[in-house]
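For the protein sequence lines, the chains are A and B, in the order given. According to my numbering, the first sequence is numbered sequentially starting from 55. According to my numbering, the second sequence is numbered sequentially starting from 55.
No wet-lab data here; the hints were simulated from the structure.
If several chains are the same, the list does not tell them apart, and a pair holds so long as it fits within one copy or across any two.
Mimicking DSSO-like on lysine-lysine, the simulated pairs with C-alpha atoms at most 30 Å apart in a straight line are:
#, residue 1, residue 2
1, Lys287, Lys250
2, Lys250, Lys237
3, Lys470, Lys83
4, Lys367, Lys385
5, Lys58, Lys117
6, Lys470, Lys148
7, Lys447, Lys117
8, Lys326, Lys65
2 protein chains.
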Amino acid sequence: MDVKELLEDAKKYEGKKITLSGWVRNHRKQKEFGFIDFSDGTCFKHLQLVYTNKLKDFDEITKIKIGSSIEVAGTLIKSEGSGQDYEVTVSKIKLLGDCPDEYPIQPKRHTREFLREEAYLRPRTNLFQAVFRVRSVAAMAIHTYFQEHGYVYFHAPLITASDCEGAGQMFQVTTLDLNRIAKSGKIDYSKDFFGKSAGLTVSGQLEAETFALAYKKTYTFGPTFRAENSNTKTHASEFWMIEPEIAFCDLSGVMDIEEDMLKFIVKYVLEKCPDEMNFFDQFVEKGLLDKLNKLLKSKFTRISHHDVIKILKEAKVKWEFEPEYGEDIAKEHEKYITEYFNGPVFITDWPKDIKAFYMKQNPDHETVAAVDLEVPGAGELIGGSQREEDYDKLINRMKELGMEEKGMEWYLNLRKYGGCVHSGFGMGFERLLIYLTGVENIRDVIPYPRTPGNCEY
Amino acid sequence: MDVKELLEDAKKYEGKKITLSGWVRNHRKQKEFGFIDFSDGTCFKHLQLVYTNKLKDFDEITKIKIGSSIEVAGTLIKSEGSGQDYEVTVSKIKLLGDCPDEYPIQPKRHTREFLREEAYLRPRTNLFQAVFRVRSVAAMAIHTYFQEHGYVYFHAPLITASDCEGAGQMFQVTTLDLNRIAKSGKIDYSKDFFGKSAGLTVSGQLEAETFALAYKKTYTFGPTFRAENSNTKTHASEFWMIEPEIAFCDLSGVMDIEEDMLKFIVKYVLEKCPDEMNFFDQFVEKGLLDKLNKLLKSKFTRISHHDVIKILKEAKVKWEFEPEYGEDIAKEHEKYITEYFNGPVFITDWPKDIKAFYMKQNPDHETVAAVDLEVPGAGELIGGSQREEDYDKLINRMKELGMEEKGMEWYLNLRKYGGCVHSGFGMGFERLLIYLTGVENIRDVIPYPRTPGNCEY
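Given these sequences and hints, build the entire structure.
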């Protein structure tokens, strides 16, 4: 039996004999009593185990150390103490796995930096127990949303020989013997595993478009990679992305979907993880629940990049970076604009020169039908666009940018073989988690983060 | 509106005006009529569009080519023709995206080999439309099963510096400049992205164990890689695995879970994809539905490797490979044993020398608490084991096998810090799909397969 089942249905089990297995998170002993703070990891709440010196092995039990695994038999009763509704009166405790005194996870406040060093043990702390359960539940929210709306889940390839998006930021994947290359001075890619140079994908979008044009609605949810040498709180070299693609859908349609999806995920997580979310609200980001509940009720603003720049220019603010038409916006601008509209903002129709080649060119020849979603407290959360469905315009844009057609024929052909208006977006899963939990460092929302110089476990 | 919605609720829409967007899969024209076989990819069933020469642009419409995307307005009516219950009487068709005559996907039988060459278009054929929808639905079945049973979804790291399982079969991941290595003759891993040599994971199990010992129940569902130079129907270099790990669970418990999970997935897919599954049953593997329905009703046999060998030795069969105690079993043996028991068979307690270092050593010193699930028609589908929770036994086994402790301290420590009996298993997602669809080549159940020499898209 799990603690989760027990506590969800406590009335039913009250007064009943139960047996549980789990871990000792804390242990306070007195002369006649002992209290064990017990968790089996199936829910955020711990269970209090109370034992008395009437047990014949009382002395043995008092010696059980923090971190140990135990099997406990006892009776569930209403608790008279504060902090819990129920507790267990112990009839028997069996030590399953001991734990030494030098166990790093003691019941005290550890810094997140310290816990990053002991990443394999941090899910045993309250904070990370909550973070990684929310990660799991948010992932399920995403699958549920798309599957219920008839999307086909698409597994994009991870190893790829096309590098149209990631030039310079791709990890190389090889089975060539580097020692032999060093010795011989020769590289022969025809001898590499795939017969050519290959790398790790930076996005599954282009391939997802092939599914959108067959299934109408598709989404990816998988890892992507970036060999970017940046050590910031929001960059990791390996992270998970959600990339939906929808045929017969324009920019306005994709904004509808983004808003609907995001509200669904927030609602789902709030409902399924109330204890975890309360914990974040209390100890990680004050006001988190207000922020999320407000999002649920808000209607997202839609405004063009041009009009955003106008507002920023008119603002009586001393900017670090002066806002300019035709240019990207900075963090300070994102912050200002979500505060200005007091809620999430879709910024549309971006200058084409700062956006990707595949985005739909607007009639003004200056902008593309792209949209970034800015949310209060986190800035850009989702980036999407209508895709260029015009074969000639797409190929001209590729030429302008010096991109090769070779290897991209299949992508171009999607515009020739029954092409249509279609759109999609990408959401970084960890960015979503940072927003949902208030935990602000990406290293703390991925179980085993990969960053420059870091590849443990 | 989607064709799926329309057909699921056809009674409601009968006689109503509807508008749909999708693709022309086939087009037959007569003098006074035309019939378009129409699909928007949201369901396996196509919709028949019927138009007459009463439409003023009749001649234009007759010219619409196979593969084109169109928007159609019309009325849903009961069909008098055979092959469909409903059809659409067209009032207007708008060509959205043309398609040339050389479009490779014509309404005729294409070989699977040909379609592999045009992998980006194959989801537009009946067979692959069905395969990749079942892939999506089966993935959702898996998430649903584990989430409903309280498991935490764990994203195992893909890039890893530990190579304890994959020696020699790992892809190397690097940002070192190979040209520079060739020129200088020197390799300096301290300059590599992670400051050391790294590769692509072959399994997330070891890391998943860290989550099992914090959450009790966890599962991975993600890509894994194998740089194995084998060109068989069942090997790919990049594939998806499901790896659950459960604390306080022994070998018998893990067999219960495997059986329960597999039946859940089969039932879920049969319920959600009846049209696709009927198609496979008719055109891909005769008897597929019987096979799967039988699985649902069967109680899986549990028998030791030793007793299996005994049965094989006593069988009056001329084996290609003679069965031997202490050795692995061959495909022909797997086949015989599932036929012998007329259903799925769990084979337990395997010779330790042919199994992995982390498996629980049995008291006989000869075998480990491992279990392979053999299913009729597919052979081994799932491999699992109880994990060695005894620190000393584990480290001794590692020494016997010449494995280094260095870099594995965290894994070993799981046995020191509140360790417990725990078990897990691994299921190759593509192997499951081969079993579910009857499509026997792994290249045909992955959207963009990676195999030696092949890395397109």
